[in-house]
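Following the hints, put chain B in place on chain A, whose structure we already have.
2 protein chains.
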Amino acid sequence: MLIRRAIESDFESIWQIFKVVIEPGDTYVFDPNTEREEAFSYWFGAGINTYVAEELGQVLGMYKLIPNQPDLGSHVANASFMVNPHCHGKGIGRAMGLHCLEEAKKVGYLALQFNFVVSTNQGAVALWKKLGFSIVGTLPKAFNHKQLGYVDAYVMYRFLDER
Amino acid sequence: MLIRRAIESDFESIWQIFKVVIEPGDTYVFDPNTEREEAFSYWFGAGINTYVAEELGQVLGMYKLIPNQPDLGSHVANASFMVNPHCHGKGIGRAMGLHCLEEAKKVGYLALQFNFVVSTNQGAVALWKKLGFSIVGTLPKAFNHKQLGYVDAYVMYRFLDER
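So the sequences go chain by chain: A and B. Under my numbering, think of the first position of the first sequence as 1, with each following residue one higher. Under my numbering, think of the first position of the second sequence as 1, with each following residue one higher.
Hints are computed from structural coordinates only; laboratory data are not their basis. Among the hints, a few may not be true.
Unchecked claim - Counterexamples of contact, computed for chain A against chain B with all Cβ distances above 10 Å:
no., residue
1, 10
2, 59
3, 74
Stated by the list, open to error - Below, simulated DSS-like cross-link-like pairs (lysine-lysine); rule was C-alpha separation at most 25 Å, straight line:
no., chain 1, residue 1, chain 2, residue 2
4, B, 106, B, 64
5, B, 105, A, 146
6, A, 141, B, 106
7, B, 141, A, 106
8, A, 141, B, 129
9, A, 64, B, 105
10, B, 130, A, 141
11, B, 64, A, 141
12, B, 105, A, 141
13, A, 105, B, 141
Note that beta-carbon positions come from the ideal geometry of N, C-alpha and C, so glycine has one too.
Isolated chain A (complex conformation) (with noise of 0.2 Å):
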């Protein structure tokens, strides 16, 4: 598996997968019926570093990561991540989870921050917690899960310089 920066034409399999991943509105807020251009946006607008994981030359899934705050908190980095449903059991979120850690620490960053992780999405929750992640805040209600209603979503945390 090659871990690689996104280039533009790499953003149809990525909408392809975000049309996947956010269709039955458990893990990420974005409305199903989001359009093309705000993925786009999202993935591709000014200042987002995107990267894709990919194999054999098909994109499996995609992280970006961004400062979490500008300025006088632009030393803590934020990170999304998207796995194509199809390909879950293959490792592709843990390997672009320590490839962002690593990109993290390089670029300068001090931690990572991830600010909205479902409560109720423990595949997510459980691989942030394996990889060095603490759970510092809990949003009561704050995600409407399409199936479950409001449930909690959580703050994830960690310092880059432990390992």
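Here is chain B on its own, set in the frame of chain A:
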């Protein structure tokens, strides 16, 4: 004191307050050298509802009210407040906070979340606690305080159906 929706001609007053508030680098993430255009987008960008508190025709403070997340997270509001430092102690922050809670409820939000309350900003932390907010998260060393170096920031939250 009158609290009302801001109009674009309020921006000069807002900009003056904004500059003085961010100058010490102790409460907001904005670099003290933030450009006027950036401040304008922050207060008058698309989809942003901004309010001013005024007395005798003078703007003494302002706040903005936006969804904290899109779509499946848009039932939780986010707000930011600034008060002219020369007018502290007059209850302007408190009055705007109460106004904001009413407005957010009126618009149909279920909760209000602050993403980044600097932990050493004791006045703000105390005010929000008095108005019913809880600290639901602590972001370790997430703020680069100009005098104190890296300090924690809090995520604060309250539902709008309890008063």
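We went through each hint and held it up to the structure:
1. No beta-carbon of chain B comes within 10 Å of the beta-carbon of residue 10 of chain A; the shortest separation is about 23 Å.
2. In this structure residue 59 of chain A is separated from chain B by more than 10 Å, as the shortest Cβ-Cβ distance comes to about 24 Å.
3. Not every beta carbon of chain B lies more than 10 Å from that of residue 74 of chain A, the smallest distance being close to 8 Å; the non-interface claim is violated.
4. Distance check on the hinted pair: residue 106 of chain B and residue 64 of chain B sit about 15 Å apart at the alpha-carbon level, within 25 Å; holds.
5. Between residue 105 of chain B and residue 146 of chain A the alpha-carbon distance is near 23 Å, which keeps this suggested pair within the 25 Å criterion.
6. Our distance criterion of 25 Å between C-alpha atoms is met by residue 141 of chain A and residue 106 of chain B, whose separation comes to about 19 Å.
7. For the suggested pair residue 141 of chain B and residue 106 of chain A, the alpha carbons sit about 19 Å apart, so the restraint of at most 25 Å is met.
8. Restraint check: the Cα-Cα separation between residue 141 of chain A and residue 129 of chain B comes to about 20 Å, which is no more than 25 Å; the hinted pair holds.
9. Proximity of residue 64 of chain A to residue 105 of chain B is assessed by CA-CA distance (about 34 Å); at most 25 Å being required, the pair is judged violated.
10. For the proposed pair residue 130 of chain B and residue 141 of chain A, the alpha carbon gap of about 22 Å is at most 25 Å, so the pair holds.
11. Distance check on the hinted pair: residue 64 of chain B and residue 141 of chain A sit about 22 Å apart at the alpha-carbon level, within 25 Å; holds.
12. A distance of roughly 16 Å separates the Cα atoms of residue 105 of chain B and residue 141 of chain A; the hinted pair therefore holds under the 25 Å criterion.
13. Between the alpha carbons of residue 105 of chain A and residue 141 of chain B the distance comes to roughly 16 Å, so the proposed pair stays at or under 25 Å and holds.
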